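With the hints as constraints, model all of the structure from the sequences given.
Chains as they are written, first to last, in the working numbering: chain A, 17 to 239; chain B, 15 to 104.
Careful: at least some of the hints might be erroneous.
Stated by the list, open to error - Pairs of lysine-lysine residues, derived as DSBU-like cross-links and limited to a Cα-Cα distance of at most 35 Å, are as follows:
1. K84(B) <-> K180(A)
2. K50(A) <-> K173(A)
3. K26(B) <-> K114(A)
To be verified - Residues on chain B that point at chain A, a partial pick, calculated with CB under 7 Å:
4. S47
5. F88
6. F98
7. N101
8. G103
9. L104
Just so you know, these hints were derived from the structure itself, not from any lab. Bear in mind that the values here come from a model prediction, so they are computed numbers and not experimental data. Positions of the beta carbon are idealized from the N, C-alpha and C atoms, including for glycine.
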Amino acid sequence: MYSELYGFIAQNRELFRFFYSVVIALICFIIVLKTDRLFRLSSHQGIRYFRNAFFFYGVAFILRYFLAKPPYFLLMRIAFEFFMVMGGFFLFYSLLWKRFEIRGAESSLFNLRIFIFYVLAIIIALLDYLWLWYNFMFFSQIILFGFASVISYRNYKKGGKEHKFLKLYFVVMVLNFIAWALNFIFADFFGWRLRWFANVYALNVIVFLIFLYGVIKVTRKAK
Amino acid sequence: MTKKRERLEVIKDILEVIREKREVKPTRLLYASNLSPQMFKDYINELIEKGFIRLDIDEKDKKSFSLTEKGNDFLEEYRVIENFVENFGL
Numbered sequence: 017m018y019s020e021l022y023g024f025i026a027q028n029r030e031l032f033r034f035f036y037s038v039v040i041a042l043i044c045f046i047i048v049l050k051t052d053r054l055f056r057l058s059s060h061q062g063i064r065y066f067r068n069a070f071f072f073y074g075v076a077f078i079l080r081y082f083l084a085k086p087p088y089f090l091l092m093r094i095a096f097e098f099f100m101v102m103g104g105f106f107l108f109y110s111l112l113w114k115r116f117e118i119r120g121a122e123s124s125l126f127n128l129r130i131f132i133f134y135v136l137a138i139i140i141a142l143l144d145y146l147w148l149w150y151n152f153m154f155f156s157q158i159i160l161f162g163f164a165s166v167i168s169y170r171n172y173k174k175g176g177k178e179h180k181f182l183k184l185y186f187v188v189m190v191l192n193f194i195a196w197a198l199n200f201i202f203a204d205f206f207g208w209r210l211r212w213f214a215n216v217y218a219l220n221v222i223v224f225l226i227f228l229y230g231v232i233k234v235t236r237k238a239k
Numbered sequence: 015m016t017k018k019r020e021r022l023e024v025i026k027d028i029l030e031v032i033r034e035k036r037e038v039k040p041t042r043l044l045y046a047s048n049l050s051p052q053m054f055k056d057y058i059n060e061l062i063e064k065g066f067i068r069l070d071i072d073e074k075d076k077k078s079f080s081l082t083e084k085g086n087d088f089l090e091e092y093r094v095i096e097n098f099v100e101n102f103g104l
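Written out as structure tokens, the structure is:
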């Protein structure tokens with residue numbers, strides 16, 4: 017049954033690539049809209065960084081499909097990696113910003129701390145471009161989501177009884193960590209075979225769907 | 015020892031006092047907010063800047079604060095915002 021499924025996916029590879037990118041970009045777009053409304057009302061810096069993360073992820077997935085074609089492939093590859101890595105940095109920093117900012121910076125896109133992330137993301141994208149692989153992005157995200165898993169586990173232990181989504185948030189961070197680790201393993205040891213990568217794509221869709229579920233559930237007004 | 019109030023909670027407390035009284039004099043609001051005068055000034059300036067409250071001055075030059083529609087919207091959504099911040103560990 018599985019080989020039939022993979023066969024079907026392989027035959028309709030382009031269609032699946034299209035839906036994969038569109039579905040995740042759409043999820044990101046909804047999350048950005050919902051969190052932007054909360055941010056505009058509260059000016060809460062954590063919500064702002066969380067919103068930025070999904071904005072960058074959304075752009076990354078649009079670039080991934082619509083622009084990752086010749087003759088712009090190499091340039092778009094750098095842009096895709098940059099937005100993808102920045103999405104991870106913003107998500108990670110949304111958990112940590114309170115330790116570094118007292119009242120929140122004026123701009124969430126142009127401040128010194130975020131500038132460091134921009135530089136790191138550009139370096140990662142350029143190094144991968146020069147080496148013609150994706151390992152620098154894989155390693156950076158594996159490390160990032162490893163730490164994010166630890167932080168979200170601590171948050172869950174501290175307030176999980178009262179705030180139910182903290183548990184799912186920890187799970188989703190671990191899933192993210194696993195997804196990036198599988199990306200690295202399948203790319204480096206299994207030669208990018210669709211049969212393996214279809215599982216990573218499915219895992220990625222689940223991760224983004226959990227985020228969407230959390231955002232919708234938590235922002236729903238109590239009746 | 016009492017827990018330090020989060021920024022959002024302080025804003026909610028200030029806005030609730032104004033909503034309850036409809037119009038509040040600055041000294042009374044300072045007293046009700048339980049903040050230092052400097053902190054109070056910073057919060058009030060921020061709230062006016064964001065359009066959550068309005069400073070009204072009458073013909074006798076007496077000042078009072080009142081809630082705007084945006085401030086009222088914030089109070090209505092406060093639980094949602096608080097819930098979001100705590101559930102996502104932000």
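Cross-check of the supplied hints:
Restraint check for K84(B) and K180(A): satisfied, since their Cα atoms lie roughly 30 Å apart, inside the 35 Å limit. With a C-alpha separation of about 27 Å, the suggested pair K50(A) and K173(A) falls inside the 35 Å cut-off, and the hint holds. For the given pair, K26(B) sits about 19 Å from K114(A) by alpha-carbon distance, which is consistent with the 35 Å threshold. About 17 Å separates the beta-carbon of S47(B) from the nearest beta-carbon of chain A, more than 7 Å, and the hint is not met.
For the restraint placing F88(B) at the interface with chain A, the shortest Cβ-Cβ distance is roughly 5 Å, inside the 7 Å limit, so the hint holds. Residue-level restraint check for F98(B) holds (minimum Cβ-Cβ distance to chain A is 5 Å; threshold 7 Å). Hint status for N101(B): holds, given a least beta-carbon distance of 4 Å to chain A, under 7 Å. Checking G103(B) against chain A: minimum C-beta separation of about 4 Å stays under 7 Å; hint holds.
With a least beta-carbon distance of about 3 Å to chain A, the hint placing L104(B) at the interface is held under the 7 Å criterion.
Checked against the numbered hints above, the structure violates only hint 4.
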